[in-house]
Amino acid sequence: MVDEQGKYHGAVWFLGKPTLIECPGTAFTCFVRSMNERGQIGMDVINGGASIWEKGVITALTPEGTRSNLNGLNDAGEAVGAIGTLEGPQYAALWNHGVSSVLGPLPGFVNSEAHGINNRGQIVGLSVSFDATNDFRATLWFQGQTVDLGVLNGYTRSQAININDQGTIIGLSFLDRRIGATLWKDGQIHDLGGLPGFTRSYAMAINNRGQIVGMNTVPCPDCNFQHAVLWQGGVIFDLNSISSWDSGAGEDVRLVEATGINDNGEIIANGYNFKTKENHAYLLTPYQKR
Numbered sequence: 000m001v002d003e004q005g006k007y008h009g010a011v012w013f014l015g016k017p018t019l020i021e022c023p024g025t026a027f028t029c030f031v032r033s034m035n036e037r038g039q040i041g042m043d044v045i046n047g048g049a050s051i052w053e054k055g056v057i058t059a060l061t062p063e064g065t066r067s068n069l070n071g072l073n074d075a076g077e078a079v080g081a082i083g084t085l086e087g088p089q090y091a092a093l094w095n096h097g098v099s100s101v102l103g104p105l106p107g108f109v110n111s112e113a114h115g116i117n118n119r120g121q122i123v124g125l126s127v128s129f130d131a132t133n134d135f136r137a138t139l140w141f142q143g144q145t146v147d148l149g150v151l152n153g154y155t156r157s158q159a160i161n162i163n164d165q166g167t168i169i170g171l172s173f174l175d176r177r178i179g180a181t182l183w184k185d186g187q188i189h190d191l192g193g194l195p196g197f198t199r200s201y202a203m204a205i206n207n208r209g210q211i212v213g214m215n216t217v218p219c220p221d222c223n224f225q226h227a228v229l230w231q232g233g234v235i236f237d238l239n240s241i242s243s244w245d246s247g248a249g250e251d252v253r254l255v256e257a258t259g260i261n262d263n264g265e266i267i268a269n270g271y272n273f274k275t276k277e278n279h280a281y282l283l284t285p286y287q288k289r
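Counting from 0, one number per residue, gives the positions in the sequence shown under numbering that gives the first Met the number 0.
Hints are supplied without guarantee of correctness; some may be wrong.
[As the list claims (entries may be wrong)] Cross-link-like lysine-lysine pairs, in silico, DSBU-like; alpha carbons within 35 Å at most:
(1) 276 with 54
(2) 276 with 16
(3) 54 with 16
(4) 16 with 274
No lab work stands behind these hints, which were simulated from the structure alone.
Generate coordinates for the entire structure from the input sequences, incorporating the hints supplied.
Rendered as structure tokens:
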């Protein structure tokens, strides 16, 4: 949420009512990245780094002067992201009840970053080369092993975004300006596909039922052409036209990206109101069958 001074704050909604999360100290901007079943919220605080909000208190996970960011949080309170010095390399990190561990990159790569962690402690992210090839590869960390997840056929680079408790992983594959939503399941890599006419497909979250949400876009100058999408049972749906979910957004709103889905099928999405020129968060609730 943005206040009248242009300061960005995190927010949490409970029973339809938003609660503002004030940025700590002199921090001008803070973002909510993840939330678990215990009500803990993983945050990025600009100039403050990876942090956890719990019961109104924000706790920094790294000391001042350390570069860090938080991307994922599981129900045990384990958080993942990246940590490094202001001028040195950056490595994937796991924070377990205040204790940090560094997760190194794949052999031949220099940097790493973790994006998601499930309740089994499996962590996904990417390893980055930062050489002339600018290569990066989807990576899994589990039980002391660092695993190369590979790249979707026809693409050259990959990035893992999230993993559910069954070990199913979603992410992205890249080739030049092409971006493809990607699924890693049972040792196989699958192209999730996209809506007709869209050239970039992003998978952003997955629940334990295998439902996946994200967005499809068409890159063009000075335009806002993107749609929130759902993958279910191997089929992609435009969340602006599907009738099984209620967003209450209205005809003036386009849902542009879906960023989260829980095991009840409730979806968090961002929408743009073409009439008021405003961006708002929306909760999409599946209709109950009668």
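Verification of the supplied hints:
1. About 34 Å separates the Cα atoms of residue 276 and residue 54, which keeps this hinted pair within 35 Å; it holds.
2. For the suggested pair residue 276 and residue 16, the alpha carbons sit about 23 Å apart, so the restraint of at most 35 Å is met.
3. With a C-alpha separation of about 16 Å, the suggested pair residue 54 and residue 16 falls inside the 35 Å cut-off, and the hint holds.
4. Restraint check for residue 16 and residue 274: satisfied, since their Cα atoms lie roughly 24 Å apart, inside the 35 Å limit.
When each numbered hint is compared with the structure, no violation occurs for any of them.
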